[in-house]
Amino acid sequence: MARKQLQNLTEPMYYVLLCLKTPLHGYGIMQKVDQMTGGRVKVGPGTLYHLIARFEAEDIVEQVSSTNNKKSYVMTKKGRDLLNKEFFRLKQLVLDGEHILEGKLDGDS
Amino acid sequence: MGTVKNIINRDISEYGKRKRIKIVSAIDKKYLEKTYKDMAMKGWMVENIKGIRDTYRPIEPCELDFSVTCFQPVTPLDYPDYDKEETYQEFCEDSGWTLAAKNERHFIYYKMPESKALPIYTEPMEEYRSIWNAMKKGELITFPLLILLLVFQLWMGLKNLRFDDFYRSGGLFPVTYPSLMLIVCVGYMIPLIFWLIRNRSRAKENEPLIFDSYKKVRIRNGIYNSGLTLVFIYLIYSILNMFTSYFNLTLLFVILINMLVPIGFGILLRIKIKKIKSRRSTNIILLIVGFFVAWALTVSATFTLVSHMDYERRVCEIPSGIPILRHEDFGSDLVFQPEYIENYQTIMVPLSFEYSSYHKSDEDNFNDIEVTYVQARTEWIAQIIANKAIHDEMQRMEDNMMFDEQQRNYVYSLAFKVDGMDMAYNLSRFNTQVMLVKENTLYFVKLSEPIDREVLEKIVRILFENTEKNI
Numbered sequence: 001m002a003r004k005q006l007q008n009l010t011e012p013m014y015y016v017l018l019c020l021k022t023p024l025h026g027y028g029i030m031q032k033v034d035q036m037t038g039g040r041v042k043v044g045p046g047t048l049y050h051l052i053a054r055f056e057a058e059d060i061v062e063q064v065s066s067t068n069n070k071k072s073y074v075m076t077k078k079g080r081d082l083l084n085k086e087f088f089r090l091k092q093l094v095l096d097g098e099h100i101l102e103g104k105l106d107g108d109s
Numbered sequence: 110m111g112t113v114k115n116i117i118n119r120d121i122s123e124y125g126k127r128k129r130i131k132i133v134s135a136i137d138k139k140y141l142e143k144t145y146k147d148m149a150m151k152g153w154m155v156e157n158i159k160g161i162r163d164t165y166r167p168i169e170p171c172e173l174d175f176s177v178t179c180f181q182p183v184t185p186l187d188y189p190d191y192d193k194e195e196t197y198q199e200f201c202e203d204s205g206w207t208l209a210a211k212n213e214r215h216f217i218y219y220k221m222p223e224s225k226a227l228p229i230y231t232e233p234m235e236e237y238r239s240i241w242n243a244m245k246k247g248e249l250i251t252f253p254l255l256i257l258l259l260v261f262q263l264w265m266g267l268k269n270l271r272f273d274d275f276y277r278s279g280g281l282f283p284v285t286y287p288s289l290m291l292i293v294c295v296g297y298m299i300p301l302i303f304w305l306i307r308n309r310s311r312a313k314e315n316e317p318l319i320f321d322s323y324k325k326v327r328i329r330n331g332i333y334n335s336g337l338t339l340v341f342i343y344l345i346y347s348i349l350n351m352f353t354s355y356f357n358l359t360l361l362f363v364i365l366i367n368m369l370v371p372i373g374f375g376i377l378l379r380i381k382i383k384k385i386k387s388r389r390s391t392n393i394i395l396l397i398v399g400f401f402v403a404w405a406l407t408v409s410a411t412f413t414l415v416s417h418m419d420y421e422r423r424v425c426e427i428p429s430g431i432p433i434l435r436h437e438d439f440g441s442d443l444v445f446q447p448e449y450i451e452n453y454q455t456i457m458v459p460l461s462f463e464y465s466s467y468h469k470s471d472e473d474n475f476n477d478i479e480v481t482y483v484q485a486r487t488e489w490i491a492q493i494i495a496n497k498a499i500h501d502e503m504q505r506m507e508d509n510m511m512f513d514e515q516q517r518n519y520v521y522s523l524a525f526k527v528d529g530m531d532m533a534y535n536l537s538r539f540n541t542q543v544m545l546v547k548e549n550t551l552y553f554v555k556l557s558e559p560i561d562r563e564v565l566e567k568i569v570r571i572l573f574e575n576t577e578k579n580i
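Going down the list, the sequences are from chains A and B. Under our numbering, the letters of the first sequence match residues 1 to 109, in that order. Under our numbering, the letters of the second sequence match residues 110 to 580, in that order.
Derived from the structure by calculation, the hints contain no laboratory data. No residue lacks a Cβ here, since even glycine has one placed at the ideal position from N, Cα and C. A portion of the hints provided could be inaccurate.
[Said to hold, decoys possible] Here are the simulated lysine-lysine pairs, BS3-like style, with alpha carbons at most 27 Å apart:
(1) B:324 x A:42
(2) B:268 x A:42
(3) A:42 x A:71
(4) A:42 x B:497
(5) B:225 x B:131
(6) B:268 x B:497
(7) A:78 x B:193
(8) B:128 x B:268
(9) B:193 x B:211
(10) A:71 x B:193
(11) A:32 x B:131
(12) B:313 x A:42
(13) A:71 x B:211
(14) B:225 x B:246
(15) B:128 x B:313
(16) A:70 x B:131
(17) A:42 x B:128
(18) A:70 x B:143
(19) B:313 x A:91
(20) B:126 x B:225
(21) A:71 x A:91
(22) B:469 x A:70
(23) A:71 x B:131
(24) B:246 x A:77
(25) A:42 x B:131
(26) A:21 x B:193
(27) B:151 x B:128
(28) A:42 x B:126
(29) A:71 x B:151
(30) A:42 x B:151
(31) A:32 x B:324
(32) A:32 x B:139
[Said to hold, decoys possible] Not the full set, but computed from the structure, chain A residues with beta-carbon under 7 Å of chain B:
(33) 12
(34) 24
(35) 27
(36) 44
(37) 47
(38) 50
(39) 54
(40) 57
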């Protein structure tokens, strides 16, 4: 049975993809996610391995040449499209939230 | 002088290593982590977890944190993907974990307590998936298949069970063995299924997975291992019982074949997976061919076993205090020359035997006497055997197309009562065989002449009214 394609990204998925705009190795990804989120989101090595494996299987990230015997990964075009789509979805969520919660309507500003 | 425990420990530690047997499932993470932590504090570091035996090497006693993870479950049909293993190890080691040991399913990592390494799994769903995948290629395939096979065996055993299997050596084996194994297998599966159901919803809610505590796993494994040991002892007991009853070289050969073929097949498959590199489809073909060969050998061996089993029966003395039917009891002058044949004790029937005396004379009546004595452990067991005998007789009639409504109750036609209780049943359309039941004692009496009311009363008087207290 074919695996269900990724629709929405979980928080760790989103940040891992953000890290892979440029090539990065596994431990680098874990550190960068931690830095980016101020320690709010943490990705353990086992979790990262399974996320990367899934991204690779769906052609969202690809392995690039290893440096210092460490495998590096980078986002593919498909991955970038997915991330952009997710980014705009989240952005729309925030905008909608602002309209309702903070009373910002389109014409107000 | 050391204690036995000390001697065992000394022997297994002679090369500076210590070995411990463990039987665990994919969900016993906390149990394993605590076991390895405790061993490290005692100065033993796990270094090999192949099979059901863990090997430890001596270290300076220290406190370490362990993490047991299911990484990449491998079945005998898969080749290990070393590239994936390397990646996984790289991620774990870079983040502060050190690999202690690994096998086809588990990777055991450790770190110092002060290390700030992240837990290996920070997402419950990923951890759940890794364990689900491990179980999907392990227990969730093998145990349901095994349970199906055992149910089939049990069904066949029940279908072919005869009333005399209750008091013949090994007669109940086709029913008891799959029943016991079924209890063990289902008992093993229930916690796994329960864990999967409970944690699936937790993983979806992004809540940490719940694992059974060390104590709970110990109790569970204790019960499970005890059950397995009991089944194993029962199996050995049954085989030894068969040996003492019907020992011969053919039987020995058959049992060896039955045991060695599947084991040898498993070893060959394992060696092939490790040494020869080929595709998964090749392995599947090999598995099917090997399974067929193993099955054919086992079936042929079993047929040989069955065809060689029933020709030597023991002749023994009849136990004292139990009345015997003789030709003279029926007014015949034929000499009673019985051949006593011992039956064996079973759990349900502590004593049973049969004897027979035959004469070729055509002049005398009652020239054939066959009697089987069965002393069941309790009255209700005797009743079960009696009911089964009645059922078997009716079934035999149906199978022989001799059954009709008028004869439906012919087994009850004797209607002989003692103390208001039915005790005589007709087991032959020609009235030549009766079953007598009283309390925990049964007699199966077969004569060459029809057993009419007068003869039956005589038999009952001899077998029961003269009976001393049952042994």
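Status of the hints after comparison with the structure:
| no. | hint | in the structure |
| --- | --- | --- |
| 1 | B:324 x A:42 | 31 Å, violated |
| 2 | B:268 x A:42 | 60 Å, violated |
| 3 | A:42 x A:71 | 20 Å, holds |
| 4 | A:42 x B:497 | 67 Å, violated |
| 5 | B:225 x B:131 | 30 Å, violated |
| 6 | B:268 x B:497 | 12 Å, holds |
| 7 | A:78 x B:193 | 23 Å, holds |
| 8 | B:128 x B:268 | 45 Å, violated |
| 9 | B:193 x B:211 | 14 Å, holds |
| 10 | A:71 x B:193 | 11 Å, holds |
| 11 | A:32 x B:131 | 40 Å, violated |
| 12 | B:313 x A:42 | 18 Å, holds |
| 13 | A:71 x B:211 | 22 Å, holds |
| 14 | B:225 x B:246 | 33 Å, violated |
| 15 | B:128 x B:313 | 39 Å, violated |
| 16 | A:70 x B:131 | 35 Å, violated |
| 17 | A:42 x B:128 | 37 Å, violated |
| 18 | A:70 x B:143 | 32 Å, violated |
| 19 | B:313 x A:91 | 24 Å, holds |
| 20 | B:126 x B:225 | 31 Å, violated |
| 21 | A:71 x A:91 | 32 Å, violated |
| 22 | B:469 x A:70 | 94 Å, violated |
| 23 | A:71 x B:131 | 36 Å, violated |
| 24 | B:246 x A:77 | 34 Å, violated |
| 25 | A:42 x B:131 | 33 Å, violated |
| 26 | A:21 x B:193 | 23 Å, holds |
| 27 | B:151 x B:128 | 14 Å, holds |
| 28 | A:42 x B:126 | 38 Å, violated |
| 29 | A:71 x B:151 | 38 Å, violated |
| 30 | A:42 x B:151 | 33 Å, violated |
| 31 | A:32 x B:324 | 39 Å, violated |
| 32 | A:32 x B:139 | 30 Å, violated |
| 33 | 12 | 6 Å, holds |
| 34 | 24 | 12 Å, violated |
| 35 | 27 | 4 Å, holds |
| 36 | 44 | 4 Å, holds |
| 37 | 47 | 4 Å, holds |
| 38 | 50 | 5 Å, holds |
| 39 | 54 | 9 Å, violated |
| 40 | 57 | 11 Å, violated |
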